[in-house]
Amino acid sequence: MANLIVASLVGLQSRWRERQIGKRRLSRPLLLAALAVAALVATPLAYLLLRAATAPAETWARLLQTRLLGLLTNTLALMAAVTLGTVVLGVALAWLVERTDLPGRPVWRWLLAVPLAMPAFIGAVVHVALLRPRGGIVPRFLAETLGVDWQGPSPFGFWGAAFMLTLFMYPYVYLLSAAAFRNLHASLEEAARSLGRNAWQTLWTVTLPVLRPGLAAGALLVALDVLAEYGTVALLRYETFSAAIFLQLSGRYDRSAAAILSGGLVVIALAVLAIELWLQGRARAEQVGGHWRPAPPQPLRAWRWPAFALVAAVSLATVFVPVTVLAAWTVQGLRDGPTLAELDRAAGRGLGHYLFNSLWSAGLAAGLAVALSVPVAYLAVRYPRWTSRGLSHLCQVGYALPGVVVALSLILLTNTALPALRGLPLVVVLAYVVRHMPQAVRSSQAALAQLAPSLEEAGRSLGRDSLNVLLTVTVPLIFPGLLAGAALVFLTSLKELPATLLLRPAGFDTLAVRVWLAANDGLYPQAAPAALLLTLCAAVPLAFLLRRGRI
Amino acid sequence: MAPRHPATDECMPALELLDITKQYAPGAARAVDAVSLAVQKGEILSLLGPSGCGKTSTLRLIAGFERPDAGVIRLNGQTVTGPGHWVPPERRGIGMVFQDYALFPHLTVRQNVGFGLQGRAAARIQDTVAHLLELLGLRGLAERYPHELSGGERQRVALARALAPEPVLILLDEPFSSLDADRRAAVREQVRATLRSLGATALFVTHDQEEALFLGDRLAILHQGRLQQIDTPEAIFHSPATRFVAEFLGHTDFLPGEVTADGILTEIGLIPQRVALPIGAPVELAMRADDVTLEPARGGARALVLARHFKGAQNVYRVRLPSGRLLHSLQPHTLNLRSGTPVRVWAAAGHPLACFHDGQRVPAAEL
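Protein chains in written order, with the numbering used here: chain G, 1 to 551; chain V, 1 to 367.
Bear in mind the hints are in silico, worked out from the structure with no lab data behind them.
Every residue, glycine too, gets a C-beta built ideally from N, C-alpha and C.
The reader is advised that the hints may include incorrect statements.
Facing chain V, from chain G, some residues (calculated, C-beta under 10 Å) [unchecked claim]:
(1) ALA55
(2) PRO56
(3) GLU58
(4) ALA61
(5) ARG62
(6) HIS185
(7) SER187
(8) ALA191
(9) ARG193
In isolation and in its complexed conformation, chain G is listed as follows:
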């Protein structure tokens, strides 16, 4: 997220540089390296689409008749609801935190971003355990202590999934619009006021339209994430494309059907990407001129405490309740003999083992993704032309590839072309790299765009060749940007569930997998320590990113 913000901010600058640099001859080794990276990222997708196209006709017919329409409406409905929900919630929270006199703003600023450290499915586990109509903690408590028979709204189905995903995905929109609110020139709103618009009209005719690129970027991330989501929707028994593909793959082993469904999913994702590009259009909301001055906070007056209650409720539902429940289960598990024994028995392959697997696979993926992104980003920023931009866009196709799709394409590929890789944890890492490469490419591009080409030219003029300059001048200077990209890839890889579940060799359990398997069997006290540990690990790169983005 943070690097997306950076990328959108430096957009103007990099375009300016294009004119300054003019046309330089493409460096051949660099081009070959970038081509190799693009091939690595794009091959699985190409192969998948090929398999979908060549699937048996009767599979196509069967799916078209029975599944496709229902899955399509289910998926689109959830995507629309969650995108809308996150935009409303995210913008409202960002406005409250950045532009009003809400009590406790410095604390909320951080707390509201914390849900990014927790995979949505862990939130869903807690949610289900609390609210399940029969046997949920809250209904049972009400019945046993107060004698009230309260079943509450069902946590399952469309509304349950939409609610949970909105709660855990709003930070994308929140962070991007908070940054946009902060960067907004106060004089724009003042200009609208001096031209006769009141505060409310100003919000709708100036502030929100100017924020639109940030909002669109956030909404896009949410929409693609909803498409990719598996754990939450499966747990809440709402069938989307991702869940159906997973089922085809893990249950029925019908890879042709899975390939067709994946093709459909990728088409939707690409459509979302295209809509975003179209939305950005010509009116890129670049604010011109300097003289930035922070806008004075809007007094909330009577709404101060209701607003506080809203923000507190969001934090309660996304941070405090899940963490408290997980902590309580952990303590319960440690005090309960049989569970402790169970944990102990698994100790040989216990928590430390899962933690180690999570850390090295996500860490390796982060390092690889960033290293591979450098030639692509360098080419796109320093040698801007359609070939280099095309390569950069190709490497960002991972945004449109949900985990299950990446997993399926890698399964197909390793089965036919690379049997040597089958059954190695390396395939899991490869899936992370393919899926999260866009984040690395965007961070590296943003970092490079901020670096004056004259620094590299100075290096060249002092007698070093281009590779030498890249390694001794460019990379050290853009290192903080690369680190941010790595942190982002690490964070998202750590939380990745479906690709890991489908690709992992026997015995390769990560924290996310462990939480999922235990929670699916209803063994909450066993799932809880891993869930807490996972959230803690994810909080570290998140904190780094938030500090960097001065959130």
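Keeping the supplied structure of chain G fixed, place chain V upon it in accordance with the hints.
Same frame as chain G, now just chain V:
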């Protein structure tokens, strides 16, 4: 407040500030300190001062983006800010040109200029916008977005947008500071012509003297939140009200002296000028280069020529007095002295020199 006499309505000022005071934080210096001024209809007033003098704060108070701690602001005689009165910025009918122009990046030039005209008939909006675009030479740019314009074009769009709703008063906040020096003169010329041709009332903030003199009918000089002087440029130049004004307008040296019975005794001799101060009081005299004359000394010289600046028809000499104090002297180009030449220096103003005591102007006394 005394009730307003009907007869005064004829020459009622477009804008009136009475003792406006603003302090941003308790204990901080007052950004605006009891400022009172009036702008007549059709007049352009330049608000001039160094950065941080409170001029932008004054503008924002008038526009209604800030609330003063005390004082009254009237627009066309109607109180918009004052005890028990508050008119929000959108209902004041004040146009503003911002320092960064604040053009809406998501709207075209046409939409920007028409932004303040909502609620009017579409045909009228179209006419007004077309007229202003024509007037400011922006006709071909109507469908462009702000980021596709040059600095000067943005400036003109900002002015057109502020003028479109026919505001009672138009405020310009350092409107030329973002322009390149070579574009500035042309844009300034056009802005002045436009404001004049529309008979607009304007308050214009700048830290650039030359700009203030060029654009303003009158000048108001602000320093540390206080209004130092408000008058025509000529009056201010000839008769600065405070030492700050004299110093800020520049090209002035200050020579300390002491009041005696016959005049003011200074390092360069007695200046026969009476002031209303007791004998022995310390004063400072403002001396411009044309008030000081010199000639090569024949022995026993006490001042030295430091440098000569050739200005075509004239030479400006920088002279160091024995005390180390510097004076400038304007001499004909025929007088050519080298650096290091010893000279005799004396005052030859032909008019009373501005005299300051404690930074304030001291009135001349009857002889």
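Results of checking the hints against the structure:
1. ALA55: violated, 45 Å
2. PRO56: violated, 50 Å
3. GLU58: Where the cut-off is 10 Å and the nearest Cβ of chain V is about 51 Å from GLU58 (chain G), the hint is violated.
4. ALA61: With a minimum Cβ separation of about 48 Å from chain V (threshold 10 Å), the hint on ALA61 (chain G) is violated.
5. ARG62: violated, 48 Å
6. HIS185: holds, 6 Å
7. SER187: holds, 4 Å
8. ALA191: holds, 4 Å
9. ARG193: holds, 4 Å
When the structure is compared with the earlier hints, violations turn up for hints 1, 2, 3, 4 and 5 and for no others.
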